[in-house]
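Residue numbers (our numbering), protein chains in the order written: chain A, 1 to 266; chain G, 1 to 266.
Think of the hints as simulated: they come from the structure by calculation, not from any bench. Backbone N, C-alpha and C define an ideal beta-carbon position, used for all residues, glycine too.
Covered stretches of chain G (chain A as the covering partner; in silico rule of three or more C-beta atoms under 8 angstroms from a C-beta of chain A):
1) 59-71
2) 95-108
Chain A is nowhere near these chain G residues, computed Cβ spacing over 12 angstroms in every case:
3) Arg35
4) Pro42
5) Arg43
6) Leu134
7) Ala188
8) Glu195
9) Thr244
10) Ala257
11) Ser266
Calculated cross-link-like contacts (lysine-lysine; reagent style DSS-like; alpha-carbon spacing at most 30 angstroms):
12) Lys50/G x Lys130/A
13) Lys50/A x Lys130/G
14) Lys130/A x Lys69/G
15) Lys69/A x Lys69/G
16) Lys69/A x Lys191/G
17) Lys69/A x Lys130/G
18) Lys130/G x Lys130/A
19) Lys69/G x Lys191/A
2 protein chains.
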Amino acid sequence: MKRKPIVHHIPVCPFCQRLEILLSLRGMADAVEFRVIDITRPRDPGLLLKTRGTTALPVLETSDGRIIKESLVILRYLDEFLPGATLRRDDPYEHAIESMLIAREGPFAEAGYLFVMNQDRDRRAEHQEKLLGLYRDINDFLLEHGHQGPYLFEDFGLAEAVFTPLFKRFWFLDYYEGFRLPESQDYARAKTWKEACMAHPATAQVCREEIVKLYYDYALGAGNGAIVPGRQVSSFTFDPPWQTRPWPPKDKYAGTATDRELGLTS
Amino acid sequence: MKRKPIVHHIPVCPFCQRLEILLSLRGMADAVEFRVIDITRPRDPGLLLKTRGTTALPVLETSDGRIIKESLVILRYLDEFLPGATLRRDDPYEHAIESMLIAREGPFAEAGYLFVMNQDRDRRAEHQEKLLGLYRDINDFLLEHGHQGPYLFEDFGLAEAVFTPLFKRFWFLDYYEGFRLPESQDYARAKTWKEACMAHPATAQVCREEIVKLYYDYALGAGNGAIVPGRQVSSFTFDPPWQTRPWPPKDKYAGTATDRELGLTS
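Could you build all of it, start to finish, from the sequences and the hints given here?
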């Protein structure tokens, strides 16, 4: 038997979670082997050779050892490659609609990550407004093109698989920035969508507590497993596991808690 | 009979030329009606209403009046919508490969446009190096995934339709910045690809003289039909047509030539 495709990934990475959601929805959670990469350690040289030096994840390795990169490319590849009905809409126009919404994910992800990583208290409002503007744009898009609700079309689909992992990551904004969508018609349709996406059973791979604890270092401006000055252990470490650690302090602008306070030393 | 889909476009826009190339390759140049937008004049309010305020082009209007935006979304839509064999690769893995290459078009276009619009002589080297780095990356990609040559696969395909209009726009770098790909193995495969793309008969919608003359204002830092200080007519004007005008001065850092010198006044 041919071996399964392998996805090299970080367990909490939103760009990997998309693939897990797809597999779950397609009822094929076992069709792909997931191999966990610890981003707090140097990358395996064998994998680096295969990816020709790229460290960006996820990376898919096909049954015969060929490499596919880019989260959205892998997502669409798996959707086509797996047997059975695709998650993408069959109709070309409807697929164009979901693709137009998906085209918004890059700026949306960037705005959320820049906001959580921002270290300048005076620039909070600016980051918040940027993200709110993107939510308003999504709201308008759904009003123009979407079904009555909650999803873009009648069911959770490709666009939902793309955005839900970001909505769940943005728990870090909720916790570290007190970010909420305002109660206003400008956000009502986007909010309905977001809540339905996050509540869908195929998207339960991560939980709020995990995201808040693991992304603490992002809230201090240190991405991708980088070590925060004054600390020795990354909040992304697998050991000790997040379940055993206390909740981090909410005030990201007050400077880092110690490794000990964060439960990072055993 | 149902009316044809309409593409609202600017004749020299690279993001519209992709669609023309697709139609030409599919042998269906008549399947879509192209309507020309003059970006030097205020946008038609009727069209603005349809696009809900977006001025970005191209925009496709389906037979029943629905709107699709985003050059790559429209391109893939037309490829699926038109009868007959698609330009995209059928095989999911091969399609993933062409999609990985297409994912590079955004940064590539941005680097070329920022370079031509740069007004600071001291930053030329930086812009040049940025673009060369992207060409080296494309070179590596084609060596890793591409056929012997000249194209990514055996024929001119979807990735070629995406990149060729940019290669042709970059005539403006050739002219205004003296930009050339170095004679080196680091660029050899990319160069072969680029030259084959540009020579393909399905890509002859624009010529070098047209690009160089129309994009003169970009070389002076003024994009999207904006008027350069000290001038009254945009180099993008349809009247007088570019064919009747002299070649613009090559030295973009010396300040603008006059409307008269550029043949923009009749």
